[in-house]
Amino acid sequence: MTGRADRDRPVGTSARRRRFIRPVRVVVPLVSCAGVLVAWGLVAHNSGAGWVQAVGDVLAGILGVGLVAPAIVAARATVRIVEVPSDATAGLPVELVGIADTRLRVKPIDPPGPESYVGPHTTPTPVQPITLLPESRGVHDRVVLEVATAAPFGLLWWRKTVVVALPRTLHVGPRLGRPLALPGGGEDTSGGGVVDSSVQIGEPRGVRPYRPGDHRRWVHWPATAHSGELMVREMEGPSAEPVTLEIHLPADTDAAERMAERAMATVVALVDRGASVRLATTEASGPKIGAVGDRRSAGRRLARAVAEPDEFPWADPSPSGPRR
Amino acid sequence: MGGPEPIGAEAMNIFDAVKRANRPGPPEHSITLRVACAGAVVTGIAACRAEGELSWTVAGGSITLVIVGMVLAYRTRLRPLPWIKPILAISAVAAFVWFFRQLTGQAIYDVSTVENPLAVLFVWVQVAHAFDVPARRDLAFSLAGSASLMAVAAAQAIDLGFGVYVLVWLTCGLAGLIAMWSSASDGGRMRVGGIIATLGSVAVTGTVVLAVLPAPHVAGRIDFPSAAGPGAPLPVPGGLAGDTKVAQLAKPGTAAGRTRVGGFLGFSNRLDTALRGALGDTVVMRVRADRPSYWIGETFDTWDGANWMTTPTPHSPQRLEEDSPFILPGPTVPPATTSTDLQTFYVVQSSPNLVFHADTAHEVWFPTHNLFVSDHDSIVSPIGLGPGAIYTVESYVNTPSTEELRAAAGSSAVPASILEQDATVTHPYPRVKALAESVSAGRTTTYDKVESLIAWISKHTRYSTDIPPLAPGQDTVDEFLFGNRTGFCEQISTSLAVMLRSIGIPAREAVGYVPGPYNPITDLYDVQAKDAHAWVQVWFPGYGWQSFDPTAVVPLANPSPGSTLWHGATAALGRLPWVPIALVLMLSGAVALVVVLRRRRPRTWAEKAARGIESAGRRAGRRRRENETLTEYAWAIDQLAGDRSGTWQALAGIVEASAYGGRHPTPEDDRQILASMRALRGELPRAGVLVGPGALRRNAPERRRSSPPPRGAGGTPSTDGDD
Amino acid sequence: MEPAQFGEREATTDRVVSVAGSRRAELVPDIGVLDGLEGSSELGAPAHIDGAIALGRALVDNLSKVLLGTPGAITAAAMAALSGGHLLIEDVPGVGKTVLARALAESLGAELSRVQGHPDLLPSDVTGVSVFAPDTGTWEFRPGPVFAHVVLVDELNRTPPRTQAALLETMEEQQVSVDGESWPLPRPHLVIATQNPFSQLGTYPLVESQLDRFALATAIGYPDSDTEARLVQHGGGKFALGELRPVCSTQEWLGAQRATESVEVASSVARYAVALCRASRNAPGVRLGASPRAAIWLIRAAQAHAVLSARSFVTPDDVKAVAVACLAHRLLTDEGVEQGVAAVRGLLDTTSAPRP
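Just so you know, the protein sequences line up as chains A, B and C, in that order.
Each residue of the first sequence is one higher than the one before, counting from 1 in my numbering.
Each residue of the second sequence is one higher than the one before, counting from 1 in my numbering.
Each residue of the third sequence is one higher than the one before, counting from 1 in my numbering.
Looking at chain A on its own, in the form it has when it is part of the complex (with noise of 0.2 Å):
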């Protein structure tokens, strides 16, 4: 990986790689031009004529300019991203905003999605968004694409992959999975932890504006009017006593990210229901305990677990049920 050169660079500068240039379906531009100049060259042959040489030499320099010319400027490219989301979800498309010195043809391969094509947001023509197509939960703060171009005649195109930097991370959360039985009010054993979706849960602190994901029962009407936009109140010091998700991740790629989907569900499930949660993970930097209020939280909390390392005593594969 070419993370640390990254890293080191400042935010918003753009992530120049020089690497390997290659030309993309090369046989029938290369065999077409090829045709063309040696058709030529026979016609210059044949008939000695200056003038046939003279315009040939000209095709010769535009074919060939047509055929290198985009390599040189494939090599020069440099592609931003200015504008990305904190929070996406995985399987859902997930939109960035990049810039780039010149016209390219961009496709994202880590995370994928499907190809489209940046420039300078100059150009008249209306910003396109990159479309990111993310199969899997994660964290990114950086993305793989392979830009290519044609400049200036379209006739060859030429590509290179390249690692830009986002200007901010990017979470993935998991897909909403089937969510773990949650015990009910008559089970006895849970000692009635899920709460009821009346209790007020908090007492209200101040407004804030509205963040995608916040419940629709949070808005604040009056502040709303007052302000000119959605806001909601803030809460704090929840009433009801919280649940605990304890999440343990196997180490197997795939079935983490079923686990993972499956914790998502359950905890967009609790806060629907007014719970306040907390979610027990794992990250790169050890056991991590923390509320999840909504269901973003709780996303990047999941995209940022980790399976366990194995001299943590509790490696239960199976994720264990809510609990008090």
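Source of the hints: derived by calculation from the structure; they are not laboratory data.
Ideal Cβ positions, reconstructed from N, Cα and C, are used throughout, including at glycine.
Heads up, a few of these hints could be off.
Claimed, not checked - For the chain B half of the interface with chain C, some residues (derived, Cβ under 7 Å), not all of them: (1) Glu626; (2) Glu628; (3) Thr631; (4) Val655; (5) Ala659; (6) Gly661; (7) His664.
Following the hints, position chains B and C against chain A.
Below, chains B and C without anything else, positioned relative to chain A:
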């Protein structure tokens, strides 16, 4: 080159490529591309018409059809008409059938009157194709097709006027290619700098290729260019006409002589060395040849003291009764050192009906039914030659080396007929003979004798065309060798020939043209009237007539386009007035030095950073005004960039804190600030891209909404505090 | 605390603090609160500047509460208070000239004395008079209204020239001389004079040398319709005027003036100010340009503007921002103040600004 297809396709074999290439692409919406393609095709057709390969009807009709077809194809690009393809296929088959019938039909003599079937075939294909160009790839084929039309036209082009068509075609083609890229990259726009760089690299690459590749040579053609032109038959078969328009026999030294175009007075039955012609730089004819040679018109063997004439013989001129190409009754040439040389002569001005050639002509392509050859190797056409006449000659070139000529047998081996005609002097020249003998004394071989005489002439005489006419009764040779010793080619070569004859070496006078300046673009020698020349031919046993030019040293090296270009460039450089240029350069250097010293390098970091901001704005097309402070200027740049968060203003604030408040960031921060400044600069609109009236209109409401220039870098104090 | 949530909350935290800050300043306007704002001086100004910056900000906040929709006049008043220069307010009656002066005095914790100009006003009515005290048998000086920290002279141009001269002399000398004795005026001393430029009847227009004594001149201008509606609803601002609390003591005010004087002026900026003044002497339509004193006050006003912008150094933008207020009234033109303002704008457009 199709639409946006996945990049990831890796190695594939040729069949996949072909299959993929045959898949129809997505419809092409770019009007620029279509207009450029249509323009290229139309230019190609017009160029063919200009070179006389198409009739007006065919050219006009096909141009109309191409435009109609392109418009129709654009309008039906989403759903191409189903019946178009079969019709086009049928018409293509018909075109090919017609073409082959043309080829196998009658022989084609004259390219200027008969439509060239190849050009017609190409035009036909282009017209048909123009109706079926829904996709980008089809348009690329159109561009390539227009190139084939240009190739056909260029093959016939002999003057620089064709460059206009080439320029128009290149403009259309390049515009089409750039539009192709723009369309392929979903609306990419090329900056002015990019276009200049592209054109520059194309020009450089093209010039390099032109300089590196050798000049093209005719190879493997069945039929060589020949055309009769407007010439009329001569009243006397085999007679010599000085001019085409008046199809009459040439009279040397007549009153028309001085004003006649191409008027070298020697191209007639007699070369009167007492007369003085005036030669202009009008192009008389253009010659395509494998190498530069003296284009020989005719030779004279009889000298009477003032005139060169030909000895009339009973079987001269010989009439060749066959169709083109004519095989000339050539002299028996030893094959050892012989090569062939092919020349095509494009007659530009009315000229004598001599068929010029290099060295010994062997075969002539000329669209008449007969041709006349004298036994002095002069070839005469039965009709007058005027503009548009074309003929091709294949010559045997016999170029023995100096050693071979030295080793050639002496005069003893010369045939009697040659000795009789060409080694005799009609009246005695005792002084000349004495001079020649004394100069060539001690030289044993013929070659050395010739060389010593040439050396003597070049040492003791002066060249000038501005000499008085010869008085009646004076002898040209006596006057030149013992009189004023000044003259031009006629005097010089005549003197050499007479001197050679006086010591028994067979020599004769030849007149014609020197090669003329070589044009690397058209690959033709542009022979001008002033290139008319006279020189000496000396008989060498075993090698025949060899040319010697005592007048000038003519470059006999075969020029390549590259060396010609190089020579032209160095000559042009040499002609520049270097002393004034050096003075101007030194002066401007001094001025530049003063300016640089005055503007000196930024002393402080703040100064450097401020210049960074200014250069960013300059690139975006908004220079700092004199009365603007840095913050106001940064505000303007922010507006330009549509940045409402005031990034540039924040930068300006840091710079001003350093400049006016002495609050310097750490060196590390300095670097970071400069780096991010450079990065930000990339985001700014380039000059001329956004800063149009439309862009301003778009930005106008935003500008009104955002705050006016702040009064301080830290922002205005919030004075309207009741929000 | 986990980093993600911390990051999330950062944005809101900023908001909350700023809201709370202003609310507290509003409720408890003492200097202690202002100390709490020192973090807001953006570029790390020296400590004694911070007090001035905080004071300036609080002053502007305070004035904004009573004088709605006239930011220019408020800034000018705050600059006058910080730079120690006198302020001339030229405008039509009824736009809040007096309210501004009273609010300023009120905010600065100083007593305000008011002189209403009229043709019968005598110099002694302003400066004070010595009266004979029969009980002590001595002449006793009774100080006039000019002996106050903030003096409001309403309709200065309606007082006769002799009185004008006396008043302006005290402004320059910072003392009153009566019967050979000098009585120093209290410090800080700020004179706010108003005049109505449009009423010509029975007025004595100030001569240019007298106008030169005023550091700054400003117009208040009509408020926009919304503000005017609010003004009418809330009783012309008097309602809030009564509620105003001082933001500092006079001692602190004096300290802030000293701090403002210490604001850094780069030599290029000073040269720019001088260049503006010199250019005014050749400006079209100007019969008499700015004096050297004008350049001094231009810099001092720019210093005050820098303080109001929370900076401890003057930028060329500060000079530009105060140029109209500081120079326009000093230029002697054919057609009055309007032309003076236009001339100063022209100067700003034609004089080249310094490059860092």
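Problem - Which numbered hints fail - result: 7
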